[in-house]
Amino acid sequence: MSRSIISTKRRQILKTLGAGGALSATGLLSIPAYAKNKPLRIGILAPRTGVAATIGECGIRAVEWGVARLNAQGGIGGRKVELVIQEETSPKETIDRYRKLILQDQVDTIHGVMSSGVSLALAPLAEQSKTVTMLWDGTTQDGVKEMVPYPKYLFKAAGNEVDAVMASLQAVKLYGGQIKNIAGVNVDYTYGRTTWTTFLAILKKFGIEPNIVSEQWVKIGTMDLTSNIAVLKAAKPDLIFSSMFFADLPIFMQQAHNAGLTENAKFVLPVGGVQQTALKKQFTPEGLILGHSTFYFDDKEGSQLQKEFVKWYVDKYKEHPHFEAERAYFCLAMYKAGVEKALSAKPNAWPSSSEVAQAIPGNKVESLGGIGYMRPDHIPNQTFYQGLSTHKNDYDFVTLGSVNKMSAEIIQKPAELEYWDWLDKADFKVEVGRPKGSFVQKKG
Amino acid sequence: MNTSITTIDNSVKSPVQSRKGIGGKIVLISFIVAFALAPQVIGHYYITLLIPFFAYAITLLGFNLLFGYGGLLSFGHALFVAVGAYAAATLALNTGMVSFELMLCAAVGAALIIATPIAILASRYTGIFFGMLTLAFGMLFYTFLNKFYDITGGDGGLMLPRPTLLGVNFESANNFEFLAGPFYYYCLVLVLLLGWIMWRVVHSPYGLHLMASRDNAVKATYLGVKVREVRAIAFIVSALYGAIGGVILGVNTGLADPELAYWVNSGYLVFMTVLGGYHEFIGPVIGALVFILLQDELSTVTQHWRFFLGVVLAVLVIALPGGISGGFRSAIHRVRTKGAR
Amino acid sequence: MSSILNILLAGVFHAATLFLVTAGLQLIFGVQRILNLACGSIYALGAYVGITLTTWALANGLPPYLFPLVLLVAGLVSGLIGIPLERLIRSVYRRPEAFQLLLTFSLILIFQDVIWFFWGAEPQQLSNLTMTYGTISVMGVTMPTYNIMLIAVAVLFAIGLNYYLNATRSGKILRATAENHETGAAMAIDVKRVYVWVFTLGTTLGTLGGALVIPTTAATLQMGVELVVEAFAVIVLGGLGSMKGAIVGALIVGVIRAIALFVYPEVEVLAIYAIVLAVLIWKPSGLYGKVEA
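Chains as they are written, first to last, in the working numbering: chain V, 1 to 444; chain R, 1001 to 1341; chain U, 2001 to 2293.
Hints are computed from structural coordinates only; laboratory data are not their basis. Don't be surprised by glycine CBs; every beta carbon is placed ideally from N, CA and C. Hints should not be assumed to be uniformly reliable.
Stated by the list, open to error - Using 20 Å as the maximum straight-line C-alpha spacing, the simulated SDA-like pairs for lysine to any residue come out as follows:
id, chain 1, residue 1, chain 2, residue 2
1, V, 219, U, 2117
2, V, 219, U, 2259
3, V, 173, V, 433
4, V, 318, U, 2052
5, V, 300, V, 315
6, V, 236, U, 2259
7, V, 316, U, 2117
8, V, 130, R, 1044
9, V, 180, V, 315
10, V, 152, R, 1176
Claimed, not checked - Computed, partial: chain R to chain V, Cβ under 10 Å:
id, residue
11, 1099
12, 1109
13, 1164
14, 1179
15, 1192
16, 1252
17, 1257
Can you build the whole structure from these sequences, using the hints too?
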């Protein structure tokens, strides 16, 4: 529960504010009256059409849930929260909408954004407009693409590559020494390339130099993967790595299964969990390394908050939420914590953006996927979930048999180091696995 | 034999007859004054909306040379907008130079190099083939931008830092102040300047040759017009204008990204031109303004703004082919003839 | 050896799906000289309607092995949209091509939001119905039987269309109208009715294609816009207005793509463009198109 994180003093303030600010009438703990009546506006920029639409939509739903819940408890600092939602499309259009949110809709903060292109363009703008901007996604750790390195107002998302790091480590741990022929089927854009290179780099780090029998680059949005599958079959890999997570992934698994690939090869899908409901048991084997990023809906050890959210989501949308929901909620919670911390420091006036921005790092906040916090360099530390797929559940799709959790403290690069450098030198405390028996046997 | 390939609807007047008598001059001056005073009167947000308007105005002035005056419909014009933005970004990235003037030069240079071979090739064709060829080139460039991420930054694109204007550095101003202030006026002057140049071009003998080759290519050839050459030049000039527009767009966004070249954006360029009326010199500029405002208003009201834009386009094509300016001209014509009775 | 065959077969499969998109496009252009930019959107419509109808039918007790019939019905029914569409496009028949292109472009925008409105932004799929018929193994090549069926359907379409256009009276009337609609009218052909028929037929070919192919892929909102690019590659290669061109063009694109994936995956898309440009430079009317600059 969020209460446990907040100190007694703050809880009292919140209580009074939430209780309609009775104390404010006495002038003891007053916020300016206009601020109380004027709602706090949060601008949201997320994809609603296009390949990332469903992913963006999941985030939007989560933030709507989060806001409704917040408002029922009094809002943020006693002010009700309002969402102004705009579509994230191309960088040009999204930047125009960002400016619109600030200049016309006069939002207090902007959350969202999933594409790296938009993030790149947004970074300097966020800093100059002095608007607290919290990104859900689209952050890359690759230095060449580094946005503003020491931002004041911009808060980035967990690095794109973290999922790939975790999945690669798992692969090393489980299959390590026996990996001989590998194939990569990734989407042809920055994310696809960085994740594949990460995988290769980690294999190399542990002394594994496999034979790359097929390296495929799928055009974004392509749904016809028959040729790709045919080529894979010809290549006969032992292990297939794919960072696909759009609708192309279930199609790929389906066709891979039809072609018999799922019997003979191991699959490593660092962000495959996003498509969990579409990965039906019929064609998705057990034993896949499946990543769910910062949120796994079926975590039996999950918090009350998570269970409450998942139940609401499933009831309302007949679907299961994935990590983008967590990212959206996390940003909301972080922002709330920052505002309230700034407010408690100077209770008589609503904090400026700068004060809020300074108050955000360091607060440990409960998000849907566990406790997380923002580092001083404005990159979050969260928990990442991965495991092996299993059929032992009541759904028609696969879930995780055993869940591994890893903190970003281990698998995300620290501020001072360059990404590839850090990857090379970090000690992940993982041992190269040497599975007994035939490498290609299915795991239960 | 399909004779409609090179002719336009004869029921609407062609641009060469547009008169710029005293009425026209008044309109022009009021346009300039209105835009010059706008930043004092209108809020920051709408001013920042006007920057893409300036960019598109320039791009479309060039596009309409090819389409309205030349009769050639290009469905890949967004290619040159992208070229402009990427040229500017590449310059800044590789040399660290952020002079806006240099960026414009780089854009024009790049557009010249890329447009010339395409122009030579495409000038052989008209109509659908021309459209298809340009669409193909546009998408080829789009694919290139996405693929060669070492050079182009891939899908993330290349950052375009804030330029210096005439050597002056505006670092202290924030984004809105820069865009709504010095950059706004610079672009306004640029639009007027490039508009004036285009006006001279279409009213020159070259312009006459171009229109002649549009109206009847065979007859024009007999009259000694070098049809292919004339078309190629129109293509190149329109490309240069497009690239300049692209630099402005790139500065506005702060990024040069592949989406700029996507073929649907080429379609929007045509949309804007027809919306404003391609028979009038000023038509496309009006179209750009109306399109931008329309899209802005629609997206505030509904997430299904594409639907309404599509309907507007359909209605335009079916009922109002002369666009807004065509509508004005018929209205003025009707008033004039009524008065004459 | 069998892997090469496998790859080629995958290429042929992709060619079959491309043919189904472009056949209607070619037919309409061949007779009416209208290039329908919304061909991809129509294909998408067929796909979405196919999914909805099939899901409903299956939920109401339809035995799974009958699903292709439902898709067939879905394709035919959604093809009827061609009638009102033709009525709309009729208003620009006599206008310059630019306007026709623009009108069909506006249809793309309209269709995308209509589909978004009714079906949502989530990509839709028919979970693994393709395996209803299992797989076929011939000469070491394994493929889902449904994929082979699709190839057969495409071939049937091609043969059927060919027969129709060349051997039936109705088809000959179509070709006559294509050649010269004024002469056709002079010979008492009701050109208006021919146009309605052709446009609807062309549209139905598109929706049928979308419906039949959907079990092997997913329906997305961007389908319509993205397919146009590949469709264009096909018709540029094959030649505008030629059915034979659609077949050959589709085969070239499909097979080249498959081979590129095998040999040098990086250039997959660029290889197609390179060929398209080469054809446009050397023979702009395409392999089977009529010269018309």
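Do the hints match the structure? See the list:
1. V:219 <-> U:2117: Measuring from Cα to Cα gives roughly 26 Å; hence the hint is violated.
2. V:219 <-> U:2259: Given pair residue 219 (chain V), residue 2259 (chain U) holds - Cα atoms ~16 Å apart, limit 20 Å.
3. V:173 <-> V:433: holds (4 Å)
4. V:318 <-> U:2052: Holds - the C-alpha atoms of residue 2052 (chain U) and residue 318 (chain V) are around 17 Å apart, at most 20 Å.
5. V:300 <-> V:315: With a Cα-Cα distance of about 18 Å, the restraint between residue 300 (chain V) and residue 315 (chain V) holds, given a limit of 20 Å.
6. V:236 <-> U:2259: holds (17 Å)
7. V:316 <-> U:2117: holds (19 Å)
8. V:130 <-> R:1044: Holds, at roughly 16 Å.
9. V:180 <-> V:315: violated (45 Å)
10. V:152 <-> R:1176: holds (18 Å)
11. 1099: violated (18 Å)
12. 1109: violated (23 Å)
13. 1164: violated (16 Å)
14. 1179: holds (8 Å)
15. 1192: At about 24 Å, which exceeds the 10 Å cut-off, the nearest Cβ of chain V leaves the hint on residue 1192 (chain R) violated.
16. 1252: Holds - the Cβ of residue 1252 (chain R) comes within 10 Å of chain V, reaching about 7 Å at its closest.
17. 1257: This interface hint holds because 5 Å falls under the 10 Å limit.
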